[in-house]
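Residue numbers (my numbering), protein chains in the order written: chain V, 1 to 162; chain A, 163 to 453.
Think of the hints as simulated: they come from the structure by calculation, not from any bench. Just so you know, these numbers come straight off a predicted model, no measurement behind them. Treat the hints with care, as some may be off.
[Unchecked claim] If you only want the chain V side, here are some residues facing chain A, beta carbon under 8 Å, derived:
hint, residue
1, F19
2, W59
3, M64
4, V67
5, V139
[Claimed, not checked] Cβ pair distances, simulated, as ranges:
hint, chain 1, residue 1, chain 2, residue 2, range
6, A, H197, V, P98, 39 to 47 Å
7, A, W437, V, N8, 42 to 50 Å
8, A, P223, V, I142, 49 to 57 Å
9, A, I205, V, T12, 15 to 23 Å
10, A, E225, V, P145, 29 to 37 Å
11, V, N8, A, W222, 41 to 49 Å
12, A, G394, V, I138, 42 to 50 Å
Ideal Cβ placement from N, Cα and C applies to all residues, glycine included.
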Amino acid sequence: MTKSTRSNLVITATFLGAFILTSIPAPSWAEQFRPDWVALVLIYWCLATPERVGVGLGWFAGLMLDVLYGSILGQQAMAKALMAFIVVKLHLRIRVYPRWQQALAVGVLLVINQLIVLWIKGVMGLSPETLTYWTGTIVGVIIWPWLFVILRDIRRRARISV
Amino acid sequence: MDASLGKSLPFKTPSQVTRLVVFLTLSVVLMVADHRGDHLRQIRAGLSVLVYPVQVVASWPVEISRWVVDAIQSDEALQQELDTFRKQQPFLLAKLQKYNALETENKRLRDLLNAANKLADRAMVAELLEVHPEPFTRKLVIHRGYNNDVYIGQPVIDTYGVLGQVTQVGVFTSVVTLITDPSHAVPVQINRNGLRTIALGTGAQDRLNVPFLTPSVDIQEGDLLVTSGLGGGFPPGYPVAKITDIVADPNEAFLQISAKPLAHLNHNRELLLIWPGIQKPNEEHDEINTQ
Numbered sequence: 001m002t003k004s005t006r007s008n009l010v011i012t013a014t015f016l017g018a019f020i021l022t023s024i025p026a027p028s029w030a031e032q033f034r035p036d037w038v039a040l041v042l043i044y045w046c047l048a049t050p051e052r053v054g055v056g057l058g059w060f061a062g063l064m065l066d067v068l069y070g071s072i073l074g075q076q077a078m079a080k081a082l083m084a085f086i087v088v089k090l091h092l093r094i095r096v097y098p099r100w101q102q103a104l105a106v107g108v109l110l111v112i113n114q115l116i117v118l119w120i121k122g123v124m125g126l127s128p129e130t131l132t133y134w135t136g137t138i139v140g141v142i143i144w145p146w147l148f149v150i151l152r153d154i155r156r157r158a159r160i161s162v
Numbered sequence: 163m164d165a166s167l168g169k170s171l172p173f174k175t176p177s178q179v180t181r182l183v184v185f186l187t188l189s190v191v192l193m194v195a196d197h198r199g200d201h202l203r204q205i206r207a208g209l210s211v212l213v214y215p216v217q218v219v220a221s222w223p224v225e226i227s228r229w230v231v232d233a234i235q236s237d238e239a240l241q242q243e244l245d246t247f248r249k250q251q252p253f254l255l256a257k258l259q260k261y262n263a264l265e266t267e268n269k270r271l272r273d274l275l276n277a278a279n280k281l282a283d284r285a286m287v288a289e290l291l292e293v294h295p296e297p298f299t300r301k302l303v304i305h306r307g308y309n310n311d312v313y314i315g316q317p318v319i320d321t322y323g324v325l326g327q328v329t330q331v332g333v334f335t336s337v338v339t340l341i342t343d344p345s346h347a348v349p350v351q352i353n354r355n356g357l358r359t360i361a362l363g364t365g366a367q368d369r370l371n372v373p374f375l376t377p378s379v380d381i382q383e384g385d386l387l388v389t390s391g392l393g394g395g396f397p398p399g400y401p402v403a404k405i406t407d408i409v410a411d412p413n414e415a416f417l418q419i420s421a422k423p424l425a426h427l428n429h430n431r432e433l434l435l436i437w438p439g440i441q442k443p444n445e446e447h448d449e450i451n452t453q
């Protein structure tokens with residue numbers, strides 16, 4: 001019981017960290033290189049403990065992101081829920097990929113996430129018309145191996161097992 | 163990754179697919195409610211309280227760096243700054259004197275013409291809490307909310323020109339959509355000849371788009387665009403942008419006109435919220451809605 005509360009605390013803390021990293025002000029030229037921290041952390045926890053973190057938490061994290069972004073409520077929530085679903089479905093496969101291949105799989109997941117958001121924005125007539133929309137995704141793929149190691153260490157130290 | 167891979171295979175009911183369907187439906191319902199009817203204002207305001215601590219923590223690095231810069235700035239630099247302010251002060255005061263005289267003269271003339279008097283606008287300084295991290299939208303979060311009488315549609319300016327308008331009001335914070343946001347448009351007129359038009363945001367940082375002007379209109383590079391006061395949102399006469407670029411493509415019916423916003427959209431910590439003197443447009447809108 002106490003163990004599961006502690007792991008929940010640790011998971012919440014990493015998500016809070018991701019939210020803070022998302023909203024830390026950066027110079028405007030650097031803004032486009034900001035990866036989707038919340039999506040990355042969500043992917044990690046869906047891979048590591050799919051019965052604790054899944055569609056529901058992904059949806060809630062997305063909703064909070066919508067509030068933070070001031071975008072239409074449900075936009076990020078939908079994208080994150082779908083992404084979490086795919087990760088949970090494929091977690092056994094993605095887990096055993098070599099690190100670089102895993103990063104590519106994460107890239108595909110991030111692209112799916114971005115595509116859903118782009119699609120919803122497009123429906124509302126607010127689609128961004130530059131290719132820099134995708135630079136954050138590339139940065140996300142590049143930092144994934146490092147983020148994976150950091151989060152794995154956090155998970156091991158907190159003894160959150162599957 | 164772990165030895166107990168097999169344990170994670172059987173999932174408890176409800177199945178992942180059911181959950182996905184439920185949450186996707188919920189998202190669609192939320193989006194429709196939010197987009198169509200603006201029914202979720204209260205929910206958003208409530209949820210924004212949850213996000214508030216994150217925004218405050220995220221603004222610490224900037225706060226700290228400002229504090230450090232202030233602390234290590236030498237006396238000499240401060241003295242210099244003070245000197246420049248002292249030098250500027252008489253000039254500004256002199257200018258203001260002239261402005262006062264002009265204002266009274268203007269009022270007298272308006273009285274003669276029986277025109278409606280322009281009331282002074284009320285203003286309040288608001289501190290910038292956060293720049294919205296969502297890419298390709300231009301929004302700010304300010305540290306003023308319901309308890310400061312902030313209302314949706316309220317104009318926000320800085321010392322150089324119009325910055326944007328309030329689009330969401332929370333308890334402690336509000337969201338300001340900048341004039342460069344792709345969903346934003348300001349009714350403007352050219353200061354030189356009074357030609358009315360609109361300035362659309364592009365999502366780019368320092369470019370506005372002035373659409374639907376035919377090649378025959380009188381517009382030049384360097385023209386100043388000021389708010390026209392039409393539409394009721396922005397009070398008239400505040401500077402918005404300068405025309406930077408006019409392209410006349412013979413294949414197109416309209417000119418392609420770019421303008422550069424005058425407000426310093428991304429260097430300010432302090433902004434001004436304006437309560438227009440003549441009317442509060444939002445109240446009027448609410449009345450119309452309730453009818």
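Verification of the supplied hints:
no.	hint	in the structure
1	F19	holds, 5 Å
2	W59	holds, 4 Å
3	M64	holds, 6 Å
4	V67	holds, 4 Å
5	V139	violated, 12 Å
6	H197(A) with P98(V): 39 to 47 Å	holds, 43 Å
7	W437(A) with N8(V): 42 to 50 Å	holds, 46 Å
8	P223(A) with I142(V): 49 to 57 Å	violated, 23 Å
9	I205(A) with T12(V): 15 to 23 Å	holds, 21 Å
10	E225(A) with P145(V): 29 to 37 Å	holds, 33 Å
11	N8(V) with W222(A): 41 to 49 Å	violated, 26 Å
12	G394(A) with I138(V): 42 to 50 Å	holds, 44 Å
Checked against the numbered hints above, the structure breaks hints 5, 8 and 11 and satisfies the rest.
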